[in-house]
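Enquirer: Protein sequence lines, in the order shown, are assigned to chains Y and X.
The numbering used here applies: residue 6 is where the first sequence begins, and numbers increase by one.
The numbering used here applies: residue 575 is where the second sequence begins, and numbers increase by one.
Don't read these hints as lab results, they were simulated from the structure.
All residues carry an ideal CB built from backbone N, CA and C; glycine is no exception.
Among the hints, erroneous ones may be present.
[Stated by the list, open to error] A few chain Y residues that don't get close to chain X, going by computed Cβ distances all over 12 Å:
1. S40
2. I48
3. S53
4. E71
5. E103
6. K208
7. V248
8. R408
9. R426
10. L447
11. S455
12. A456
[Said to hold, decoys possible] Here are the in silico distance ranges between beta carbons for each label pair:
13. E628/X - R373/Y: 43 to 53 Å
14. M647/X - L419/Y: 51 to 61 Å
15. A36/Y - P830/X: 46 to 56 Å
16. A36/Y - R803/X: 31 to 41 Å
17. L419/Y - H649/X: 58 to 68 Å
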Amino acid sequence: MRDEAGIFPLTHDGYGGLMQIHDALVDIVGADRVSSDPAELFIYSRDSGAQPPGRADYVVLPKTAEEISKILHLANREMVPVTPVGAGLTLSGIVVPERGGIVLDMKRMDRILEVDELNRYVVIEAGVSQGALQAYLKKHHPRFQHSTPEAPPTATVTGNALIHGHGHISPRYGINSDMIAGMEVVLPTGEISRIGAGALQGKWFSRGPLPDLAGLFVGWYGTTGIVTKISLKLFPKPGFRQVIVFQTDDIDLLPEAVAEIMYLDMAEDFFLIMQEKPDWMNHAFLVVILSGHFEEELELKKTAYKRLLSDFKGGGPVSFVSNLHPALEKRFLDVPPLAALAADFRKGGGFQYTGAILPVDQLPAAWRKGIEIARRYGMVCSYVHQVLMGNSIMFGFNYSFNRADEGDIEKARLALEESNRATLDLGGMIWKGEKSAQQMALAKMEPNTSALIQRVKEFLDPNRIMNPGKWEV
Amino acid sequence: MWLIRAWLSGQIRTDARLQEIFFSCATCGNCVEHCIFDKFRESILEAFIAAKAEMVDQGTVPPPVRDYLTRLMDHGNPYKIRQKKRGDWAAELGVQPYSADTAYLFYVGDVGSFDHRGMEIARSVAKLLQKIGVSFGILGPKEGPDGNDARALGEFALFEHLARGNIEAFEQAGVDKIVTLSPHGYNAFKNLYPQRGGHFTVRHYTHLLAEILTADKLPGKAARQSLRRATFHDPCYLGRHNKDFDTARSILDRLPGIEPVEMPRNRADSLCCGGGGGNFFTDLVCSGPDTSAAVRVEEAAETGAEILVTACPICTVILEDAVKVRRLEQRLQVRELSELVLEALGE
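Excised from the complex, chain Y in its bound form (with noise of 0.2 Å):
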């Protein structure tokens, strides 16, 4: 007989219940969706950084938030854990099951459910890829487009923007997850719940003026409950874009550069960029992309960020980068940017990065830092930094590595963990840590806050089931 949520009950089956688990899941979403078969597991045990693997027992596409609660339900009742998974890029373990249990793969909540032009946003469920949305709005909506992340097109858009991704047009617009609207998550305990409009039967535009309960569930990693749908805020897609670039090689003079440009307050997005090779690329180099609904809007931009760094200090420190090469500019024009390209300057496969993000006046010191970590595990240095709204940056620690060289892995690991350290000596915050980088960051939390996240998980979460392991002490 089934239990009150609609589930099997099971009895012990001499395989430590696995297999009846697995024939419960089976139960919920049919066999077509359910797998424990090892070659799947393995991939669903690790991702594509340096961080080591884990176990998953039970792979699992849901369609529906309605199968979602019902494996919540199962879960809490056999004590499994569950750990959501959008496309798995974080490249830093984090919805890695480190143990075992039900992995939740969100890719076949695949729809696309509503565009509103004129209240601008889209609702969409969480497996949703970015490639897809962009297609999406490119044929049906070619005016208004989302903030698309520097990742590969198959990166889910819920997941990028649960865990505080940013895209093309954050600097000008805000990161991603201040883009988000509103939401449809099911609570670990199985309970279906909308946040912001949308909970009071409205449109999904907004998600506020109420209590901010998209705050329990953006940055969490899904140890506080699984978003199924989300609404995300629609922007004008200006039909002109330009990039311009500036470069100088003095350091310390990179914190004025940028927030000059930023109080500026044309770019759509802009990076700071420096490889140690080729010679060429050895310098730091400020990207900026501008955009314009008209020509001569974009002229009337580009001519003003050339007075402005012209005029600098009195001009000459930064200078304007007169004949850029064409396959910089298309790899910034691109969205979204080609990063995997230049992340495999090592040739091995392999790389991964602390996401730092500080204050913009740390740049300096970062920037040296970053050089001397690299140099230290004989590593070559490339930067790539993306400045976010006037008062940051996502600073990139990056290392790549030879996927099949375990020294090498390793290598890459211990950088990152200095790198991560270094972040926090700055006074920035670890972007999607890998769960050192958690540990870290709590440890160096004050206590109280730190013990406001484990309330909160266990007030959530009272069978600690959701992807445990991460934030935790």
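We have chain Y already, so just place chain X on it with the hints.
Expert: Using the frame of chain Y, we list chain X on its own:
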């Protein structure tokens, strides 16, 4: 790639699901097309094929793959039909055996020789070649499988055996120029046979059509009142593998009464029908409601096209099946390009 490495390093063992994953690769080439790493791009598909080859060497392949390869070896075709019947498709067409005074060997292959629908397409292409005055002949019982899909399944030894057999047969017959029915054969002869000493001038039938069947040889565009909207599906072994996206389209453009439209995924971004890499014969990914082909015919229908055109017997058969699975028969008809051209010529 992760799975291949894990398997080779002993982290996971061979089981039925792993076999299915490896052998369901349709060798569509999309991974090659979209890999952003120059270092890996050229070898990524070969790595997948090499993994299949390792499973073949270990004798641990899915039963349908085993059966396909065994039939190729034992019967000289996957249909278990006697070799002497290989030329039967051409009965009553007056197609001559290839001889020294014919210009082209028309290589038909397994699907054109033995599959019911494939034979219709073979006849259609043969009629077309006759109609436009191409001098050609066939080898009939002396023709062997091209081996393209056996190689894609990792059966390298069988491929070598088949390629050697064909090269010998072609050389004995004095073949210099080959025109193929299927893009699969075209790919084998053009890209795989030269390294084995088989140097021939190889064309797909669409290449000859495009050259010979100039617009002035077709009825004028205004000859018909109503236009039928048609969309072209790129066969992987013409498109991504051989970078020919234009020839078939140029023919379609010339046909009277046809209004070509494109599916959103076209040319190098085309969605594979799922039949390559031997899957047409092994059926690991070709049947059921959610196949690649089913998605493809939906894409075609969404363009408003009433005809889905392709230039490959394998694609044709698979897409026709998918139209039935998705119950699109009233909206969408699958036609091999040669059939549309023949129709335009009044056949």
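Enquirer: Does each hint hold? Answer for all of them.
Expert: Results of checking the hints against the structure:
no.	hint	verdict
1	S40	violated (8 Å)
2	I48	violated (6 Å)
3	S53	violated (8 Å)
4	E71	holds (21 Å)
5	E103	holds (18 Å)
6	K208	holds (28 Å)
7	V248	holds (19 Å)
8	R408	violated (8 Å)
9	R426	holds (30 Å)
10	L447	holds (31 Å)
11	S455	holds (35 Å)
12	A456	holds (39 Å)
13	E628/X - R373/Y: 43 to 53 Å	holds (49 Å)
14	M647/X - L419/Y: 51 to 61 Å	holds (54 Å)
15	A36/Y - P830/X: 46 to 56 Å	holds (51 Å)
16	A36/Y - R803/X: 31 to 41 Å	holds (40 Å)
17	L419/Y - H649/X: 58 to 68 Å	holds (60 Å)
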